[in-house]
Structures are given as C-alpha cells and as structure tokens.
Amino acid sequence: MKRFSVKNRVDERLLLAYLMAVTAGLVLIYSSSSMIAESRFGSHAFFFKNQLIWAVLSFAVIWIVCKLDLKRLSVYSVPALFITLLLLVVVFMMPPRNGAHRWLFLGLFSVQPSELFKFVMIMFLAFSLSNHKRDLKKLKNLIFPYLPIIGTALLLILLEPDLGSVIVISITALLIFFLAGTPMKYLFATALPITGAASFFVFVLGYKKERVIDYLAAIGDPLSGSYQVKQAALTLGSGGLFGTGLGDGRQKLFFLPYPHTDFIFASAGEEIGLVGLTLLLSIMFYLLWRGLKISAAQPDRFGYLLGAGMVVTLFTSIAINIGVVTALLPVTGLPLPFISYGGSSLLISSAAVGVLLNLSRKAGEL
Amino acid sequence: MKRTKLEKIRLGFIFVLVVTFFLVALTRLVHLQIVHGARYKNIVERQSSGKVAIPAARGLIYDRSGQLLASNVYAPSLYASPSSKKELEAVAGFLDEQFGLKQGTSTKKYNLAVNKFSWIKRLMSDELSRRISQTAPSGLYLRNETKRKYAFGNVGKQILGFTDIDNVGRSGIEQSFDFMLSGEKGWADIRRDGLRNTFRVKEQALVKPVPGESLVLTIDWRMQEIVENELKWAVEKYHAKSAMAAFVKCNTGEILAIAHYDPGETNRDKPFKLRAVTDQFEPGSSFKIFSAAAILESGEINIADLTYCENGSWKIGKRSLSDSEEHAWLNFRSIFELSSNIGLAKNAIKTGGRGIYETALKFGFGKKTDVRLPGESPGSIARAVDWSSESMTASLAIGYGVAVTCLQMAGATAAIANGGTLYKPTIIVGQVDEDGTVVGNALPVAVSKPVLKSTIDTLKSFMRAVVETGTATRANSELINIAGKTGTAWMANLEKGGYYRSKHVASFTGFFPYEDPLVAGVVVLLNPQPVYYGGWTAGPAFKRIVERWGMLNPDRITGSGKFALKKSDKNIKIVEIPNLIGRDVVLAETMAATGGFAFRPDKEKGVVVWQYPPADRLALYGDDILVSVQHRDQQEKVFPNLKGLSIREAAAILSFLGIKYEVNGKGKVVRQWPLAGKTVNRSAVCNVHCG
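Chains A and B, in that order, are what the protein sequence lines are.
For the first sequence, the working numbering begins at 1335 and goes up steadily by one.
For the second sequence, the working numbering begins at 66 and goes up steadily by one.
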C-alpha cells in the first residue's frame, strides 16, 4: 500500500496551472472591462474588484473541498440534487436580469443554480454509476432515474432561458455515461434523436434557420457573420502574432459585445496576440491533462468517474466558448472557465479543480 | 483498482478529443490572427478611428478706434446619440420633461434613434447647460461650439451682419468678408468607440486650424450709434416710414457711419440688408448739387446773370415745372439757394443735358461703388436718346429720373467737400497682424476728378448759403458750420410705376465743418408727414447728428454760438446757461428745464462731463443744451491684469474698458503701470511694456 502513504499531498502542478489561469483571468478582466466599468459605474476597477473577491472565495472553496471525504459525502448528492432542482424552480420567482431568470439573488451577490446543478449532477452520476449493483448494459437502468431528473433540470434551464448551460450539461452527462462504459448503441440512441429533432426544427420548420445558415457561412468568412461574430473575429485578427499589448485594445471600447465575459478570449487575443493565446491554451490544456491523469490513476470507480466528470465539464465549457469566439460554433452565451468575469462560473470551476486536487491525493505516482 | 480496458479506451478517447480540440483551436487562431490578421487590423483601424474637424477661431472685428465689435464666445451644444433602446427611452423622457413637451413628442421632434446623432439644442446658455449636464441621462452629450458675440448689441448690426448656427457669415461684413474672417479648419485624428459618439483626440491636431483674420472697419462706432439714434428720433418726430443715412470721411472715402431705421423692421439682430447700400432713392433737389456743378463747369453762365423763374409755374413741352415758392428774377446763386426748379431747368437747357449726365457719371452715380458690402445697388440715371430734348434735360437737372444710394450720395458730396476728388468708399481699414498692428492697403483710391476746383469752391459757398439763408436754415448749427442741399421728391411707386403724389422722399445732403470739411453725408427720410420738405425734416436730423459728432470732436467746433442772438425778436427771452458739469443727469435735466432749455444728453444715466453752450453764456429761452454723460462706473476703472497677453488682446481689453494706453515694445505684455487691481481715473493713460 505504498501509494497511500507516499502520495498524500495534492498535485501541485494542477494547483499551479489553476492559479496561473485565474491570475490571467483577473488581468484580462481588468484590461477588457475597465473602460466599460468607468462609463457604467464610474470606477474602472469595478469588475476587477468583484472578481477578485470571487477568486478569494474560490480559494477557500478549494481548500474546503480538499479536506472533505468525497466518497462518504457522495451519498448526500441525492438530496442535494433535489435541492438544486428546487432552486431551479425558485429562479423563476426572482426578477429577471437581461430578460432571463438565471440568477438567484442572495443579498450582496447572485448565483446561477444551473452551475450548481451541473456540479451536483456530476457528483450524483459518479456516486450512482459507480454502484456495482447497477448493470449499465440494461436500458432500464440507464433511463431510470437519470432521464426524469436530468430531463426536468434541462427543461427548467431551457426555460430560463440558458441554452448554453443546457448544451454543456447534456454533453457532460453523455460523456460521463460514455466514460462509465455505457454501450455505444445506447449512447447513439440518445444522441441520434436529439440531432434529428434539432435538424427537423432548423431545416424543415425553419426555426432559427437564418442563424444556422449565417453560422455555416461565417465559418468560412467570419466577416459575413452576425455583428458579434464579425467583431469577435476582427478583434482576434487585429491582435496578430504579438497583440497590441495589454490595455491597448480598441475593440473592447463598445465594438465587441461582452468583452469581459463571454468574449473575453477575443479581447485577450487582440491584446496578447497569438503568442499569448497559445500560452493561455497551453495552461488550460495542461490543467485538463493533469485532471485526466488524476482520474485515470484513481483507486476506485467513484473517483475515476468523479474526476473525469469534472474534466469533461470544464473541457466542454472551454471548447464551446472558444468555438463560439473563433466563429467555429454558432453563438451561444457561455463563460470561459477561470477567465471570464462571473462569480458562479469561477466558483464552480474552482470547485471542480478542488475535487481533482482532492482526488490527486489518492492517485499515487502521476 | 486498475482501470478496466473499456475505461482506458474511453478515457483515451476523451484525451484524443481534448488534444484535437486544442489543435483545431490553434489552427483557427493562426487562420484568424496570422492569415487574416493584417486585413482585420485594417478594418478595426478604420472602424475605430476617424478625422474630426477643428473649427478655426473666427477673426475679430474692430472699429477704426480699436473698439472690439465682434468676438467669439464658447457655448455648449447638446446632442443625443443613444446607444441602445433603453438609452433612447431615457433620453426621450428626459427631453420631454426638460423642454416641457407632451410625453413622447421629443422622439419625433428631434429625430431620435438608436446610434443616430441628432442636435437637440445648439449654443445654449450656461445656466441651461449646467442644469442639463447635472441630470442628463447617458445618451445625451455636450459639445463646445463657438458663437459670435457683438459687444454693442444691435448698434451697427446692419453693417456687421450675422453668422448662422455653423458660424458662417450670412449678411453684412460677416458675409462679404467671410473668406477672411472664417480662417481654415484644422483636422485631428481621433479614436472612436463602438457607440460612435464619444470621441477621444488621439494626438495633437494633424493640421492646425488657421484662425481667421481680424478686421478693422472704417466705421467710428460712436458716430454710428449717434446716427442710429438720430434716425430713430427723426422717424418718430416726423412720422416717417423709415430713414437712412451714410457718412464718409471727405478726403479718404472711408465710411464713418451708415445706417437705416425702420420701426417695422423685425429681427434687428439678424438684418439681411444695409439699406443705405442696397436701396436706392430719388434725391430730387439734392441732385442739383451735381447738375449745378455741370452747369458751372460748362462756363456758359455767369452766376450773377438773372433768370426769369416764371412766378413758380412753367410749361416745358408736355411737362409743367413748379417751384414751392413763387420767384420772378433770380441769379444762379439764389436759384440754388432757394432750390428753384424752373431757374435751374432753364440754365440746364442753356448748357445742355449731356454735360449733366456725364458729370453725374463722373461723380459715381449709376454704377456700384464696389464697397464690398453685400447686395449693393448701382442706382440709375435716365439716359436721353437725344439730349436736345429740353424736357429730358430739365428733368435730369432737378433730379427726377435719378436713383441713387445713400453711399453714392455721401461719396459724391465728399468729392465736392474735399475739393474735387471722388474716392472709392471703403469699409475696411485693414487686417490686424499677430503683433496687433493694422496692415492692409489703407490708401484712399481716387476714382475720378469730376470738376475743376474753381467750380467746387463756388458750389461750396452755394451749399453753405442753403443752410445759412436758403431752404435749410433749420439745419444750421451754432456749433459747427454745415453746408448742404435739401431735396424733396415724390416717392416712386415701385408696384405700378410712376410716383405717389402724396408720399415724399425728404433728404439733406451736406458736409461739415464748412471751413475745413471732414465728413460728408446724407440723411434720407421716406414718407415723412405731414411736413415733408427735406429742409424741415432731414435737415434738422442732419444737424443733430453733426452736433453730437461735435461733442465727440470738440476741437472741431467752429460755430460762433452767438448766431441765435443776432436775431432780435421782442418775444425772445435771454437766459443764463446753468453749469451742469458734475451733476447727475437727472438733476441736470431738472436744472435745464427750470431755465427753459431743451436738454439733450447722449446717455440716460450717469454724470454730466461736458456741456454746450458753456455755463457762462447767455442763450435763448427754449434753446438746446447738449451734454455729454459718463456712466458713474466709468469714472474710475479697476485696471486689469494684462501680463502675458499679446498686444492685440491687451488693446482689446483696454479699449473695451475705455482706458487710454501707450504701448512700448513688441510681443507679450511683461509690465504694466498702474499695476493690476489699481483704480485708474478715466483720463489716465496706462503704460504697457512688452518684450
């Protein structure tokens, strides 16, 4: 039992990658938001200060998560799941912000229950799918209880509306089933009707057809896309190899929408260039890679599914956000984990890293 | 527990997925940032930058004594450029409330739309802009613009004209000299944000604006004010429809004052016409100055020869001529003095109409003077096909069929007064260069020498006689000897042609002082009633102008002041003139009224500093006492701080305050005496040292 005694410390490399990502995020938020903050709130550091508070809170969350015995706590993921479902209902009783019921207002700050649900769902799936009694080759075991619970949550989130989160949660869930060893035929059986229904809606009924056609054209020439797509591509492109330098970007001055939240990757690209973005991508890749290694080295199935679940949810968010910003995917509002401005996103992404760090203590030599 | 084979494969698949994504993302970034990078950067450069015009400071306008007439002040302008629907609603709501509009009307009124620039109110008052800037929602912005400030309000506004909201001259000097005053716009590079309305000047101006040139006018603003006042007085006193006048300097042709007054005129601050230049009138007998000049010049008559004046009525061809008074035999001098139409017509027929016509042309009638004021009228002289027509000759000689402008009349009279040289009338002395020196070709331009000096001398004595004993005795002044000629003509009916038999144009054309002529001019009253003779209406108005001019130029007073006392009339009561100097104007008026004098102050408030006649004289009961009044606060001045100012700026400030000054050296003011903040007497001379 050598690995238990030797490896009791968390994976410092993952922690380092995480800290670098959050620090980069803070710097980029300040640079991209100071003008907007000044004109809207009269303080150039408004967003930066808020995010700094969230970052400190996030470090506390990581520290706490590292101390927990996740396996023993995983039982409580079942009631937690129902509580978050309840929160997803409560959201509709809250006043809307920007026309959407995504936030739960708790006095000084606000949180998105959909982010919380994502996290609890991964815990629950890891707990439930690692049960030896559950035979995943039987369809009945796959449908119940997952479909009603996750389906209800997805429907509620879709109604908020928050399509981006629905997509991330769906893909995360599917990938966890995939990692748990669900037969491919069942996975395809789930994926096919979704794709079919979406195609039917878009191409036969014409729902948002224009947007899809525009999107397809914009892959080839981003300038022919919608305003957001065009400005995002211009912002990235004008950065060139080395960028304009931090703070000197022009596009954040009300040309590029959401320069500090959903499109922060683009405003970063203008100021730090291809070189800077490559560095940023490397940090993220390294973080995910460490996560996968930790998951693979878990002594039990629960740890494996939990760790891998956290990695795939981070990866899905990163991939979709960057895909949108680089005009490879149709526009959907999603923050870039660790980098974008926003408390819920940072807190949950950090909790995911916290889980991985916790698991890394049982992972032995990596 | 080791991973099962299935788990390993699936984990491996995820790893491949992650690697693939990062490779695709990097490839895409290379595509966007390197392949398209330069092109995209160009587009960003274009959409985020622009050029903005920097307006040039408009040139200032001074009068001949250095008084600042027109300057520039900054005023904020309000515009809307809402960046979102929400901002648009906030802006519209705010404007409705601010300007007391019905709810929802401002969007339409100001053409508000998202991301659209629209002016709301330009050149606002400071008070309004302060109020708005404190409460305005985002989407409303202020921009500083310049507007013209006229130091003397509407005085001389007809000459200066006005500028429109874009600071472009629309009439008067502002229009005709716009090319000099406006300067050249500069350009600055700017950075623009995505809302398209907030600008940030990136660096210094690319092209600096060239400020407009400052002009010095020939006008004497004090005289201009006098002329305007007296025209108003004359219109009211003689119930005229309107009045106009022009005065030029005899030996240069410089215009000293030029004005009109029409009680029916609206928008006095934005006059489109300077009627003394744009409108023509029939001079009637005033024109006899020039026909008499032609007759005398021909050498065919002797001024002592008698002409039979037909007792006031004479038929010539189909026309009949009449005189206002019946005369039998008159010599040429008396014909002029008493303005006999018949006498003059007979002499004109003797010497021929062609000579009169050609002389009139030489005096500048019938063509524009090219004074560089907008809308100048050339006037006209009826030209006979055959000058052997006696009736045509007679008409021309007495000034019918002749139309002139006040400026032409004043200029031609100046040619008589100065001994025979017609100068081109000018309105500009020159420009002011950076050191404050006036530059420009101020030399008078002689247009012609219409008649000989001997003719002029005879004519001048005739004109003096008109005022002393002829038709214009009411224009005779005790202060300054005036020479001139009256004119009374039927008013032309511009709609139907022909003349109104009941409407008249009364004029008095003259120059002063008679002994050493300085100024020549004309006063014209349109349709005065019931008294319509030029000698009874325009003449007195001319005299009042001359006398007030005399108050400004006491060294030019030549009259004896005893003229009135020569007439012995038993009803005359002789009174001692009170000493009014140093009294408040209200008290002085009471004192004058007690003595039975007509009190004529030049200002309504202040202290009397000069009076005429002086206190030790005797005068007639009912005579005028002229007084010059200074505002109390003008008695003493607090000397301003001039350090660091250019000579031009310092001079403008000092002349505005009415402080006399001497300048030593060139460049910026380095020393001044008295020091800033000291009180100086009005008469004190201030020394300004520059270096």
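Read the hints as simulated data drawn from the structure, not as lab findings.
Be a bit skeptical, because a hint or two may be false.
Said to hold, decoys possible - In silico DSS-like links for lysine-lysine, alpha-carbon gap of 27 Å or less: (1) B:K70 / A:K1696; (2) B:K173 / A:K1405; (3) A:K1472 / B:K67; (4) A:K1474 / B:K73; (5) B:K568 / B:K380; (6) B:K173 / A:K1627; (7) B:K525 / B:K561; (8) A:K1564 / B:K151; (9) B:K73 / A:K1471; (10) A:K1564 / B:K568; (11) B:K150 / A:K1472; (12) A:K1519 / B:K568; (13) A:K1472 / B:K73; (14) A:K1696 / B:K670.
Unchecked claim - Computed list of chain B residues with no C-beta within reach of chain A, every gap over 10 Å: (15) K73; (16) L82; (17) A90; (18) Q98; (19) G102; (20) A103; (21) S130; (22) S148; (23) E162; (24) G329; (25) A393; (26) L403; (27) A468.
Said to hold, decoys possible - Estimated spans, in silico, between C-beta atoms of each pair: (28) A:G1698 / B:F78: 16 to 26 Å; (29) B:G158 / A:R1545: 31 to 41 Å; (30) A:P1429 / B:G158: 17 to 27 Å.
Quick caveat: nothing in here was measured; it's all calculated off a predicted structure.
Glycine included, each C-beta is placed from N, C-alpha and C at the ideal position.
The hints, checked one at a time:
1. Distance restraint check for K70 (chain B) and K1696 (chain A): the Cα-Cα separation of roughly 21 Å lies within the 27 Å cut-off, and the hinted pair is therefore satisfied.
2. The hinted pair formed by K173 (chain B) and K1405 (chain A) fails the criterion: a straight-line CA distance of about 67 Å is larger than 27 Å.
3. Pair hint K1472 (chain A) plus K67 (chain B) holds up; C-alpha atoms about 24 Å apart against a cutoff of 27 Å.
4. Restraint check for K1474 (chain A) and K73 (chain B): the C-alpha separation of about 25 Å stays at or below 27 Å, so the hint holds.
5. For a cut-off of 27 Å, the pair hint linking K568 (chain B) to K380 (chain B) stands: about 23 Å separates their Cα positions.
6. About 65 Å separates the Cα atoms of K173 (chain B) and K1627 (chain A), which puts this hinted pair outside 27 Å; it is violated.
7. Using a Cα cut-off of 27 Å, the hinted pair K525 (chain B) and K561 (chain B) is violated, with the two alpha carbons roughly 38 Å apart.
8. Taking the CA atoms of K1564 (chain A) and K151 (chain B), the gap is near 24 Å; set against the 27 Å cutoff, the hint holds.
9. The hinted pair formed by K73 (chain B) and K1471 (chain A) meets the criterion: a straight-line CA distance of about 18 Å does not exceed 27 Å.
10. For the hint linking K1564 (chain A) to K568 (chain B), the alpha-carbon distance of about 77 Å lies beyond 27 Å, and the restraint is violated.
11. Our distance criterion of 27 Å between C-alpha atoms is broken by K150 (chain B) and K1472 (chain A), whose separation comes to about 55 Å.
12. Between K1519 (chain A) and K568 (chain B), the direct Cα distance comes to roughly 113 Å. Violation of the 27 Å bound is thereby established for this hinted pair.
13. Between K1472 (chain A) and K73 (chain B) the alpha-carbon distance is near 22 Å, which keeps this suggested pair within the 27 Å criterion.
14. A hinted pair counts as satisfied when its Cα atoms are at most 27 Å apart, and K1696 (chain A) with K670 (chain B) does not qualify at roughly 102 Å.
15. Non-interface call for K73 (chain B) relative to chain A: violated, since the shortest CB-CB distance, roughly 8 Å, does not exceed 10 Å.
16. With a cut of 10 Å on Cβ distances, L82 (chain B) falls inside the contact zone with chain A, its closest approach being about 8 Å.
17. In this structure A90 (chain B) is not separated from chain A by more than 10 Å, as the shortest Cβ-Cβ distance comes to only about 5 Å.
18. A beta-carbon of chain A comes within 10 Å of the beta-carbon of Q98 (chain B); the shortest separation is about 4 Å.
19. In this structure G102 (chain B) is not separated from chain A by more than 10 Å, as the shortest Cβ-Cβ distance comes to only about 4 Å.
20. Consistency note on A103 (chain B): stated as away from chain A, yet its beta-carbon is not over 10 Å from all of that chain's, at 7 Å minimum.
21. Every beta carbon of chain A lies more than 10 Å from that of S130 (chain B), the smallest distance being close to 52 Å; the non-interface claim holds.
22. A beta-carbon of chain A is positioned within 10 Å of the beta-carbon of S148 (chain B); the least distance is around 7 Å.
23. Taking the minimum C-beta to C-beta distance to chain A, about 23 Å, the non-interface status of E162 (chain B) holds against the 10 Å cut.
24. No beta-carbon of chain A comes within 10 Å of the beta-carbon of G329 (chain B); the shortest separation is about 54 Å.
25. With a least beta-carbon separation of about 95 Å from chain A, A393 (chain B) lies farther than 10 Å from that chain, consistent with its non-interface assignment.
26. Every Cβ of chain A is farther than 10 Å from the Cβ of L403 (chain B); the closest lies at roughly 84 Å, confirming the non-interface assignment.
27. With a closest Cβ-Cβ approach of about 65 Å to chain A, A468 (chain B) is found to remain outside the 10 Å limit, as its non-interface label requires.
28. A hinted range of 16 to 26 Å for the beta carbons of G1698 (chain A) and F78 (chain B) is consistent with their spacing of about 23 Å.
29. At roughly 33 Å, the beta-carbon separation of G158 (chain B) and R1545 (chain A) lies within the given 31 to 41 Å, and the hint holds.
30. The given range of 17 to 27 Å is respected by P1429 (chain A) and G158 (chain B), whose C-beta atoms sit roughly 22 Å from each other.
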